[in-house]
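> Spelled out from the first residue to the last, the chains are:
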Amino acid sequence: MPTHTFKVNGKQVTVDIEDDVRLLWVLRDVLGINGPKYGCGINVCKACTCHINGKAFNPCSVRVADVEPDDEITTIEGLPGTVGADLHPMQEAWLERDVAQCGYCQPGQIMAAVAKVRQARAAGREIGDADIDEIRNICRCGTYARIREAIKDGAKKM
Amino acid sequence: MEQRRSPRSGPPGPDTPPESPGPDLGRRRFLGYLVAAPTLAAAAHLGGSLAAPREAGAVIPSLPEVQEVFDLNDLLTLATKPTANLIAVVLNPDGTASFDMPRAESGQGVTTMAAMLIAEELELPLDKINVTLADARPELMFNQFTAGSNTTISMYNPIRVAAAIAREQLLKAAAIQLGDTVTALTPHLGFIEAADGRRISYGDLAELAAAQKTEQVEVRIKERSEFKIIGTPQNRIDALDAVTGRKKFAMDLDVPDALPTMICRPPTIKGTPASVANLDAVRRLPGVTDVVPIATGVAVRAKTFGQCIDAVNALDVAWNPGTVDGESDDTVLARLKKAEIPLTVPALKPLTGVVEGEFTFYWRNNAALEPNTAVADVRADRAEIWAPLQSPILCQEQVAAQLGLPLNAVTVHVVQAGGAFGRRMFNDVVLEATEASKKMGKPVKLMWHRTDECRQGRMHPMCTSRIRATYSGGNVLTFEQRHTSVATDYTQGFGEIITALGAKIPPLGQGNELGFSVPVFHLTVNVPYNFGAVTQLLNEVYTYDTFPTSSVRNLVNPDVRTAQELIVDQLAAKMGKDPYTFRRQFVDDDRVRAVLDKAAEVGEWGREMEPGTAQAITVHKEYKGATATLVEIDCRPETVNRKIRNAVTGPRVTKAVMAVDTGLPINPRGLEAQMQGGIMDGIAQALTSSLHLRDGTLLEGSWDDYFYTRHWNAPLETKIIVMPPTTGEPGGAGEFGVPSAMAAVACAYARATGTIPTSFPINHGTLSFKPKATVPPLPPSPTNGLEFAY
Chain A
1 MPTHTFKVNG KQVTVDIEDD VRLLWVLRDV LGINGPKYGC GINVCKACTC
51 HINGKAFNPC SVRVADVEPD DEITTIEGLP GTVGADLHPM QEAWLERDVA
101 QCGYCQPGQI MAAVAKVRQA RAAGREIGDA DIDEIRNICR CGTYARIREA
151 IKDGAKKM
Chain Z
1 MEQRRSPRSG PPGPDTPPES PGPDLGRRRF LGYLVAAPTL AAAAHLGGSL
51 AAPREAGAVI PSLPEVQEVF DLNDLLTLAT KPTANLIAVV LNPDGTASFD
101 MPRAESGQGV TTMAAMLIAE ELELPLDKIN VTLADARPEL MFNQFTAGSN
151 TTISMYNPIR VAAAIAREQL LKAAAIQLGD TVTALTPHLG FIEAADGRRI
201 SYGDLAELAA AQKTEQVEVR IKERSEFKII GTPQNRIDAL DAVTGRKKFA
251 MDLDVPDALP TMICRPPTIK GTPASVANLD AVRRLPGVTD VVPIATGVAV
301 RAKTFGQCID AVNALDVAWN PGTVDGESDD TVLARLKKAE IPLTVPALKP
351 LTGVVEGEFT FYWRNNAALE PNTAVADVRA DRAEIWAPLQ SPILCQEQVA
401 AQLGLPLNAV TVHVVQAGGA FGRRMFNDVV LEATEASKKM GKPVKLMWHR
451 TDECRQGRMH PMCTSRIRAT YSGGNVLTFE QRHTSVATDY TQGFGEIITA
501 LGAKIPPLGQ GNELGFSVPV FHLTVNVPYN FGAVTQLLNE VYTYDTFPTS
551 SVRNLVNPDV RTAQELIVDQ LAAKMGKDPY TFRRQFVDDD RVRAVLDKAA
601 EVGEWGREME PGTAQAITVH KEYKGATATL VEIDCRPETV NRKIRNAVTG
651 PRVTKAVMAV DTGLPINPRG LEAQMQGGIM DGIAQALTSS LHLRDGTLLE
701 GSWDDYFYTR HWNAPLETKI IVMPPTTGEP GGAGEFGVPS AMAAVACAYA
751 RATGTIPTSF PINHGTLSFK PKATVPPLPP SPTNGLEFAY
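Keeping their order, the protein sequence lines are chains A and Z. Counted the way the numbering used here counts, the first sequence spans residues 1 to 158. Counted the way the numbering used here counts, the second sequence spans residues 1 to 790.
With beta-carbon atoms standing in for the labels, derived distance ranges:
{"no.": "1", "chain 1": "A", "residue 1": "134", "chain 2": "Z", "residue 2": "602", "range": "27 to 35 angstroms"}
{"no.": "2", "chain 1": "Z", "residue 1": "246", "chain 2": "A", "residue 2": "124", "range": "29 to 37 angstroms"}
{"no.": "3", "chain 1": "A", "residue 1": "82", "chain 2": "Z", "residue 2": "254", "range": "21 to 29 angstroms"}
By construction, these hints were calculated from the structure, which means they are not laboratory data. Please read these numbers as outputs of a predicted model, since none were measured by experiment. For glycine and all other residues, C-beta sits at the position ideal for the given N, C-alpha and C.
Isolated chain Z (complex conformation) (with noise of 0.2 angstroms):
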């Protein structure tokens, strides 16, 4: 499968957006509901319709599987009802408003963008609208998955319609109330006020505009020069929760006697238990209510989490192997270099310069800092589910099939996430806890720990990007990279069980490879310069559920990017160009080049760096905008051996300049903090954090051997600039900083040292620490805290 782009150069563009299309009615005009219910609801379809052919049905086979689950007709006639995909916005008799997102929040902000969207239609203040995350809606089918940085573009009209539609009828109510007509009314602030100055409130409305019948509505939402909240920085609406430790996770909920539950694990991964030598003698520790061997270990029960580590470490558990016993680092890298698809232009032909470069890229940790965590109640005849999840609806449909309960037996709760980065869109954990709540017949409230997380938990895969360039007179003339990869996990499919069983299809792992993994390659990757034939491909070892992947805060762009930008640098020495004005010159995207002349400006690219420190500048085009990241970094042997206790130091980035457009922004402020933490993931992938895979056993425990950015890692200067709108649609943000970050420190690392790296992270070669037991399972609970008090 080739890919190959025409070029879509111009010269550069000034800063303003481009003009929108003239006045057209038709196009701000949207179709909506008014929902009958006690008070006033209006809502809007979430996606296309069911109803319309998926490209996924294709794949879709009469497996037994599907039928066993749960009634399939019965869903599908609840997912084709008209009504069936509709997000509300409620408006409450208090004078709030309320919407349930189909969505989880992780941090990323989506809370806020949604009450954001919601307070611009409306009329209502940015506090008085509240957003809850909804449970798992099963009829919205593919339309409750958080994931690819999605939400934003997914949701920006569906809830905007919504709210335009609550205002048109609170609107039509105080026209009666006020005994005047809708155009002589405005909605400000919460109120309906007249022009002689009477006003009614929307809480006095909430009632009198409730629709006694659900009926399509159409309306006008506004257009981008009418916007008053979208497009402004605004706080996150959780903050004070946040920072008063009153908001909840999944871990703080109070579920009656739902007890903390902890597994005992495997020595490697996906290892599974035998037999349980003191089974008995481990039910009698103190605190420990429950002790059941479960599909992936020996699940504890007791009063505190604490006593349920003492508990799992006095197991002794007969293991058998797991997937991977015989495989390590290298057995893989071996496995992955024979797969790569060879490249094609010669690597010497008369007349023109060559630049090649080969990059191993280790495994990475999702290290969520909030562990998995579910809470599970399972009875006879129902369950119930509290958890952070990406994929709430095939995690209900999950549960279901475990249990098999019909799938309205199952009610899935989602909780707010301390991090997700890919980690929640799989629901290990609350199968895990189904299991334990079901044989212990008690509700559980399960956690990992996190040396589980480290050792068993989901990672980036393993993947090689080897790249052959070309170039002549000026010009590049070809650049093929050839991506190999251990493959990537996509059971989650589209969140829901249809497309999840697709990835499974047999031969084994087909379905997952070319359903999913060569299309999302297609579907994320490009090169963004001008440089003649072009050719990406992907190819995957091993099959889908060898190694426990997912993607990890984005899936390929972070390390096909680094590679790509390590030879666009090369490129541009061997044709004696500076880094920068070389991108200027082919990057194939006035977006593109927008970005990177505003980091090198704001970067101040060219300034004079001292040895062993050096700049470095990279772009990234994905999910609709564009960013440029300039770094500069700091490889003097003072800096790279500092020592701090128990940590990795090494180079340095100091200085982190991001330019982000991203279309349209909806919230600058939460857009920075996007970008900000891509930044420190990038350091961490380029740098730093990586797991080291040993004979079926990952090496890293902690949070101490597992090193991502740290306080003092972090650059002292970060900035990041917002560029203003320029497409009038909003692009993603969640995984979007990540690539252009890490390709930037790879470059300057490779600038300021004057060695190209070629794996990554670039201290991956050195084990720096004493991987900790595998057996027991985790490391013991310190007893010196207060000698390092402060």
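Pulled out of the complex, with its shape left as it was, chain A reads as follows (with noise of 0.2 angstroms):
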């Protein structure tokens, strides 16, 4: 069984299990790590957003096997500590506006949202309304109204 070692939430670990298992179910099934959800498997609705190396991404549709040995993944449970706080700026705003309803989709949509408001500042501005309109996390309970206004009140705390 091939082993494969990366960096997840600031700790090595390794794993055996065939290349072709996507991260996700390496983190979920193996891991034991939940925080991450599925929603499709396809890279669409964007329930298991976690981050590569500071970036979003989905590991539903990442290889094992392609994630490379100095690769660090941060899943919503590091995130806190990639700020060295019990919880990240974005989550105090989430709990500020009280956005979760049934929470399954937060995490994903907490992890894209410090992405795009990095992504954003890369390019030299602060998060937009155009910035968000191109998050494609999926909310079915239709939290959209409060994590527009999360979005920017964290992104001022970060």
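Two chains, two frames, a set of hints: combine them into the complex.
Put into structure tokens, the structure is as follows:
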């Protein structure tokens, strides 16, 4: 059985699993990291959004063999650690606005929001409605209005 | 069955709620129980006693199935014990209170609502109250069924009574400890305090206050004027778990050896497996532990869900046809049109004007983001189930029947759901998991693929609504509506097996239609305007189990009301009135008029709009409450034709303002969230989201072709106004926001484009995607995820 080594939430992990198993299932079914959720398996609902080296991506659509040993994967569980706090400012903003309803999509929404704020800043601007319109994460409870507010709030504290 | 109502119109009332009747000591006193337990436990009856006559009794036949399922007498004996339907608030030695709630929490906020009611009466901080979901409790009979936005309405008094009894008992125990009288003591934030400053914590009293024997007691609960928590905005009690990824859904449970399991499903609706050519080869695939045919397909168990997906797609299965292989949207529509009950008022009458319309509403998926998931551990003599369930009692009964086990050998744990929207009233996934676990002899964690949800899941029944209204001399004389629908499956009954079987009574489906569909239609629909002679009739086609149907965040009203409001706008135009002032004149209820006025005011009704954009305003009355929604829509070509990869853009609702009156809002913040969600559903249902049926197959297969509202479709401005309390009694919320929102979007589209839409969603006529293959059943898992990293 092939062995794969990479970093998850600051810790080095090694898993024995076939090369073509998608990273989402390695995280969830092998490593027991359940924050990234399954909603489609084909990279359209974005419920599994995590970060790879600080950029948002969807592990449902990445083979574990394509993750390099020095790649750093961050799931919602590891997001506070990236700022050395109990909660990331975006999570605080989510609480402040009481965004979540069922909560199923929210780990992915938060991970997407953090990356989107960084992306806008890299392009020399603060996040705005046009950027938020580009976020593809589905919320079936329909919390979009509060997500929009929370992202703008959270960005200010990032 | 005609529905005629007398008008209840009056002048617009002031904003202040009607005064509650004067001090009536009898009114706020309730009976409850102190329950013998190691720590203080206080309880109240949930719902009426089973001993009371039930209407459903008339349709309970001597069906052999009932006795085969379990010993009905035992159940009835259990259910008629005076303490059978108690719900209890328990105080713990650590000073927290616990409540095991016999309802589903699917994001609608009922656990937070329950915690608030307990906090109010128990005088305990909200964060000291743990609300969990109760296992299936068959003795509750009809009272463990989450549907129809009923949870708050039914739980409001019982929870408060139980908490109040606990508070009184704490006071008595503290009086002994502090050597004081009860009346001199005050409960405050988890302590009983004496006037001299001495105090004792609830935790220290938990055991001292415990009852030695179960006894009935009387208690006074708070008047509205005494509320400190109820009616104040509160955040969800599970918010921290949600934003940290700690909130556990069924697929996150770590049940030993319950490995991922998925089903290879047929290419057409309700097809069944005939034979499998390569069972052994698939069993040898990486990670795979078991492959067994079950009633609905072929179950695959593996180390990871990813390996399940690959194995499902590797299976070579011959399929039997399903129930609707010859049916498509067109054939169903033809059948609906043929079954429409005729309108009775002539279309041409001297001196009267006529407005008519006929509208078609296509299939919609429940589409909770968390797919159907159930963990099942079936042993020879018992079974244990974990799943998000709206009807856990029925689930327990069905599993017992399927396995031939006594009811008490089946334990059903209710897990919080990642959305429900009606889907989790049906226990399909549990019955599949049960069958797979039994056949494999191992625990399973069965999950539906998203594509299974789209193609074999339940859907809102396709329907038509035809309306004819006549007017003369400034009045609307008649308003007729004929709603014709594919049969809705009511075999979940009221969440337990007796009424569930009632829905199946032969002649096939008649129990379903006459026992459920027609009564539910008449109990939920109305025309909230003084329009003279009003009739609304329902007719259903096909039998209840031809198509897999269910409600989808409300059943008939989003469509019924959208059809009506489109006609109302036309009536207003024909009668030369502004849509808002016309509605204001004709609404038949002061509370509806008040929300209408508020939405018009906050939404700036009548402001100047660019060509190609428009406002619309609509109302709705249901669930003991009223809503009004004002939307602004942008239908200009540059907006409609904006391009987003793998997405439907189309017209954009740029602003949505909803005023909502639920009588007594328990948690205005939670209510606001529910209404916002209702708006997003209304937008989806009016503009973008439907299923296409072609030759027994639903063409949609995931979120990239089933177009639920996305960030780029959501309004840039959304405002909810929660009206001050009006009735003193809470109403429903979960499904309540959808009808006026959907209607407003449809009306705004008509006003912006000058074309009245006649089928919904408006984009249904154009298939904007290439349907995914049906064999193999699941889309391949992509490998290019890193290309899209940002």
